[in-house]
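Using the hints, position chains B, C and D against chain A.
Protein chains: 4
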Amino acid sequence: MKLIADISIIPLGVGLSLSPYVAACEKVLAEAGLAPRLHANGTDVEGDWDEVMAALKRCHEALHAMGVPRIATNLRLGTRVDRESSMDAKLASVREKLGE
Amino acid sequence: MKLIADISIIPLGVGLSLSPYVAACEKVLAEAGLAPRLHANGTDVEGDWDEVMAALKRCHEALHAMGVPRIATNLRLGTRVDRESSMDAKLASVREKLGE
Amino acid sequence: MKLIADISIIPLGVGLSLSPYVAACEKVLAEAGLAPRLHANGTDVEGDWDEVMAALKRCHEALHAMGVPRIATNLRLGTRVDRESSMDAKLASVREKLGE
Amino acid sequence: MKLIADISIIPLGVGLSLSPYVAACEKVLAEAGLAPRLHANGTDVEGDWDEVMAALKRCHEALHAMGVPRIATNLRLGTRVDRESSMDAKLASVREKLGE
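Protein sequence lines, in the order shown, are assigned to chains A, B, C and D. Take the first sequence: its position 43, counted from the start at 1, is 43 in the working numbering, and no numbers get skipped. Numbering-wise, the working numbering comes out as the position in the second sequence, counting from 1, plus 1000. Numbering-wise, the working numbering comes out as the position in the third sequence, counting from 1, plus 2000. Numbering-wise, the working numbering comes out as the position in the fourth sequence, counting from 1, plus 3000.
This is chain A alone, in the form it adopts within the complex:
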């Protein structure tokens, strides 16, 4: 089952500089072959459900291993079975309506 996901991972108990942890998670997602697309409030990925979810779990494990005591993650997940979908196709569809 193909999954399109938007991952926003918030480490707690490590102060206000969150970028080292966001970067660590990016590396985990990239090493999983998920070609993460960082945006201002999260990271978009797509791939097989099990692979995306396994990589997300490794993000949590990696951050805890870095000393993060608590993590709050917000995830947006999309699956569909009527036809193939992709992040590029979603973006192209909206941009076409915008006349871009």
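It is worth saying that the hints were derived from the structure and are not from the lab.
Derived DEER-like restraints, expressed as beta-carbon distance ranges:
#1 A:S17 / C:G2099: 48 to 56 Å
#2 A:R95 / C:R2058: 34 to 42 Å
#3 A:S17 / C:S2017: 15 to 23 Å
#4 B:E1100 / D:S3093: 37 to 45 Å
#5 D:P3020 / B:R1083: 46 to 54 Å
#6 C:L2016 / D:D3082: 14 to 22 Å
#7 C:M2066 / B:E1100: 14 to 22 Å
Pairs of lysine-lysine, PhoX-like flavour, derived with a Cα cap of 20 Å:
#8 B:K1057 / B:K1002
#9 D:K3027 / A:K97
#10 D:K3057 / C:K2057
#11 C:K2097 / B:K1027
#12 A:K27 / A:K57
#13 D:K3057 / C:K2002
#14 C:K2027 / B:K1097
#15 B:K1002 / A:K57
Idealized CB from N, CA, C, for every residue including glycine.
Just chains B, C and D now, with coordinates in the frame of chain A:
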């Protein structure tokens, strides 16, 4: 790794009556032994990361098998390694501060 | 416009004990007459769009006034215009399908 | 109060082609001067709290006026008072840690 999660699953392409699908997911979560707690905008569960995530995947599979072509899920995930946590402990802690 | 919302407010930079801040926000929501319903991963409220959103803003302001330097909130919002809706009606509809 | 937000707006009861509605909301956000940044699972904006929230309300109103009976929106909100922040600064900070 213990996971506390809040699952909001939105079936698309099946009209406006979503409760049959929410109920189907509740059954999947209950059968997984996760003791789901339905609230007005989602369902809270807690358990082992792998068990919660496997049950969530079965929710998506069950809804697609019911004819739902597309699903958008919002998940809130919490993990912590500094001490044990539970949904009851979280609720008790807030209620104590409220003087309840 | 009637709004049903689920508010999860996460204070950053204040350590791991978040319950005093969650409780402060509960008080703001209660004082706004929104009858907040605390659950394990957020708080459900319903009311007029403007009133709910004004109370949410006061939550952010109240937490910053308590010394919270940074806040990350996750919101689920629902509006509908085809008929009246309520949190109790949503819950009753799912519970009926569950045979409860 | 400066707000950085990530808006994911899901129209219900209009079938599976959501891009016309996402595009309509983009136009509302752009007309509000918020310079929305579309990504694969939402739209990032930044601005004054009241302006962002007023534009979001107009998105819901515009979609309902287009015939959407029900809308489910997921919002990520960030505020901070310790220093200025921006979406560009957030992105630059993560990319620096990635060595990009």
